[in-house]
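From just these sequences and the hints, can you work out the full model?
Protein chains in written order, with our numbering: chain A, 4 to 270; chain B, 176 to 512.
Mixed in with the good hints, there may be bad ones.
[Claimed, not checked] Quick list of simulated restraints, FRET-style, between CB atoms:
1. A:Val252 to B:Gly313: 56 to 64 Å
2. B:Leu511 to A:Arg166: 46 to 54 Å
3. B:Thr186 to A:Ala94: 20 to 28 Å
[Claimed, not checked] Below, a list of computed lysine to aspartate or glutamate pairs in the DMTMM-like style, where the Cα atoms sit at most 25 Å apart:
4. B:Lys280 to A:Glu167
5. B:Lys267 to A:Glu167
6. B:Lys280 to B:Asp291
[Stated by the list, open to error] Partial list, computed: chain B residues near chain A (C-beta under 7 Å):
7. Val246
8. Ala248
9. Met255
10. Phe257
11. His265
12. Phe274
13. Met278
14. Arg289
15. Ser375
Note that these hints are calculated values from the structure, not bench results. Source: prediction; values computed, not measured. We put the beta carbon where it would ideally sit given N, CA and C, even for glycine.
For reference, the chains in residue letters:
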Amino acid sequence: MRRHRFGLQLACVAITLFFGVPLYLIALAAFSSRESLDRFPLPLLPTDLSAETITTFLGSTGVVGGYLNSLMVGLSTVVLALVIGVPAGYALARHAFRGRDPYQLFLLLTRALPIVVLSVPLARIFLQTGLYDTTYAVTLLHTALALPTTVLITSAVFVGVPREHEEAAQVFGASPARAFARVVLPQALPGIAAVAMFTFVLSWNEVLGATILTLNQRTLPAHVLTTLSDSPLAYRFAGGLALILPAIVFVAVMRRYLLNMWGTTLR
Amino acid sequence: MKITISDLVKTYPGQARRATDDVSLEIADGEFLVLVGPSGCGKTTLLRMVAGLETPDSGTIHIGDRDVTGVAARHRGISMVFQSYAIFPHMKVRDNIGFGLAMRKVDPAEIRRRVDQAAELLQLTEVLDRHPAQLSGGQRQRVAVARAVVVDSGVLLMDEPLSNLDALLRLQFRAELKKIVREIGTTTLYVTHDQAEAMSLGDRVAVMRDGRIAQLGPPLEVYDAPSDQFVGGFLGSPPMNFVPGPALGHASDVLIGVRAEKVAVGTERADDARPATVEVVEPTGASMLLTVLIDGHRLKVSAPPTFTATPEQQIWLRFDPTSLRFYDPETGLALLR
Ligand SMILES: Nc1ncnc2c1ncn2[C@@H]1O[C@H](COP(=O)(O)OP(=O)(O)O)[C@@H](O)[C@H]1O
Ligand SMILES: [Mg+2]
Chain A
4 MRRHRFGLQL ACVAITLFFG VPLYLIALAA FSSRESLDRF PLPLLPTDLS AETITTFLGS
64 TGVVGGYLNS LMVGLSTVVL ALVIGVPAGY ALARHAFRGR DPYQLFLLLT RALPIVVLSV
124 PLARIFLQTG LYDTTYAVTL LHTALALPTT VLITSAVFVG VPREHEEAAQ VFGASPARAF
184 ARVVLPQALP GIAAVAMFTF VLSWNEVLGA TILTLNQRTL PAHVLTTLSD SPLAYRFAGG
244 LALILPAIVF VAVMRRYLLN MWGTTLR
Chain B
176 MKITISDLVK TYPGQARRAT DDVSLEIADG EFLVLVGPSG CGKTTLLRMV AGLETPDSGT
236 IHIGDRDVTG VAARHRGISM VFQSYAIFPH MKVRDNIGFG LAMRKVDPAE IRRRVDQAAE
296 LLQLTEVLDR HPAQLSGGQR QRVAVARAVV VDSGVLLMDE PLSNLDALLR LQFRAELKKI
356 VREIGTTTLY VTHDQAEAMS LGDRVAVMRD GRIAQLGPPL EVYDAPSDQF VGGFLGSPPM
416 NFVPGPALGH ASDVLIGVRA EKVAVGTERA DDARPATVEV VEPTGASMLL TVLIDGHRLK
476 VSAPPTFTAT PEQQIWLRFD PTSLRFYDPE TGLALLR
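Written out as structure tokens, the structure reads:
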């Protein structure tokens, strides 16, 4: 038993290090001066901190705008994907309708198309409709990309909520909508939070489509990808950190919804 | 509130057999009626149609004088205890119990008062502020019952509410449930596959088989005079014995049904007794259960606990003519004598 626990803890530490060390190194590099990055051996402790690199990065054109665009697109994508995906997932979970299985397969199929194949015709359509080079265009693309997983995961989440709970709510006087809001949704919330996280990160990290669909209204990754390839090494670290941080913050915020909130305490 | 069920037919989509087959049933105001039958005979389906959770193909349901056949569950004025309890894990016990009242927009102070009262009745006062995850199985069961009785509806429906409890707890709570339901006096439709539960709880018992009601009556009447071989074999532990007429000196075109405890067992030869050979002896504590062979037919009889017998021993059985029931060997239906 004790050995088992020890092994488990060891595994936890290893996994944490695997993800944590690169994060640390990127953060360290982003907050080091440009000279100290070229030093050999590279100092691994934050002895020579400077905000110079990061401030220059943030001050360079397009970065703050890209940041805001990315946030905008990410949050809008989450909202839009949930507004469409949650009811669809619920319908898939609760109602047996003709063509349900082909529909589920079809949903996955859209993900099989490479983003480039999707984006180029989309760019054409957006150019015609005047949506080209707006955050809306990117939001729409990201929502389309996220929906299959949103729908399928939420449907799995709703399947996990017993139908009898809904029936009990209705027997005791709740309308179907009320039963959903008071009994089903609270139980599905952890799963939906996970989907939201997944969607946000997907949108935040998506580069290709965002690059094709915009020129000036770049999201941060699209901006970084197109401008930083010919920037000095230090800026790339700063850009890397800027890319990682919001996703981590978002995950940290949503994390509390992930855990079972009833009867178990948050540690 | 009186419940009148008329000619209910229900076939689930893609199913060849009818789940309920033209069932008619009247439950008087304040009556405790138990639907009992083997698994899959349509009890739950019937109950769910009364609840409004399943739509019948044909037939009608009246609650009181109102036709509720097409009425949504929430407008039927019923409450229900589900087999899986279906208590809400994200709400505290207090909110679970008060759910029905909150949905009916009852004043919060009044909800509090009635929830406290129901909790007291079901010994849940201590756990009112816990979440269901922190309760034992028996306590969850009590929460489900409290939630159902607190709304004070005209009709109480229960689907195997005791089946998830262990044997000892089940026996305890059975008596408690009977007392509670008697106190609140609600018309109750109760589903179980456990014949002992049906006998002990019901004012009347409806024995179901293959979507139909095989017999309906007070428990002792159904136990004593089963209307067919199936009912006799389903109710009672041990079930009713069935032997061909000639084995007990009757005509060959009858099947005789007799309860184990209605047979007098003796070791002395007597003129009005029939010889039998003991096969198995099972002491149950309250009695001595004997499996005997009479004329090649196996019978279970119960003797007083002090009775001593060994396998292979010959004993003498006396059958009181008034305790014998006669059935058609072909159809299994009771014969009028
Ligand atoms: N949702 C359903 N879909 C299809 N068949 C069902 C469904 N529910 C029950 N049945 C069938 O209907 C019959 C009666 O079931 P049920 O009313 O649950 O029986 P009981 O409660 O007496 O065990 C069974 O043959 C069962 O297989
Ligand atoms: Mg059932």
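These are the hints, each one checked on the structure:
Distance hint check: the CB atoms of Val252 of chain A and Gly313 of chain B are about 45 Å apart, inconsistent with the given range 56 to 64 Å. For Leu511 of chain B and Arg166 of chain A, the Cβ-Cβ distance of about 47 Å falls inside the hinted range of 46 to 54 Å, so the restraint holds. For the pair Thr186 of chain B and Ala94 of chain A, the beta carbons lie near 25 Å from each other, so the given range of 20 to 28 Å is met. A threshold of 25 Å between alpha carbons decides the hint, and for Lys280 of chain B with Glu167 of chain A the separation of about 23 Å falls inside it, so the pair holds.
For the given pair, Lys267 of chain B sits about 18 Å from Glu167 of chain A by alpha-carbon distance, which is consistent with the 25 Å threshold. The suggested pairing of Lys280 of chain B with Asp291 of chain B holds, with an alpha-carbon distance near 17 Å, which does not exceed 25 Å. For the restraint placing Val246 of chain B at the interface with chain A, the shortest Cβ-Cβ distance is roughly 12 Å, beyond the 7 Å limit, so the hint is violated. Proximity of Ala248 of chain B to chain A holds as hinted, the smallest CB-CB distance being about 5 Å (cut-off 7 Å).
Interface hint status for Met255 of chain B: upheld, as the beta-carbon distance to the closest one in chain A is roughly 5 Å, under 7 Å. Below 7 Å, beta-carbon pairs count as interface contacts, and Phe257 of chain B has one with chain A at about 5 Å; its hint therefore holds. For the restraint placing His265 of chain B at the interface with chain A, the shortest Cβ-Cβ distance is roughly 4 Å, inside the 7 Å limit, so the hint holds. The criterion of a C-beta within 7 Å of any C-beta in chain A is met by Phe274 of chain B, whose closest approach is roughly 5 Å, and the hint holds.
The beta carbon of Met278 of chain B is positioned within 7 Å of a beta carbon in chain A (closest approach about 3 Å), and the interface hint is therefore held. Hint status for Arg289 of chain B relative to chain A: violated, with the closest Cβ pair at about 14 Å, above 7 Å. Nearest Cβ of chain A to the Cβ of Ser375 of chain B: about 26 Å, over the 7 Å cut. The hint is violated.
Checked against the numbered hints above, the structure violates hints 1, 7, 14, 15; every other hint is satisfied.
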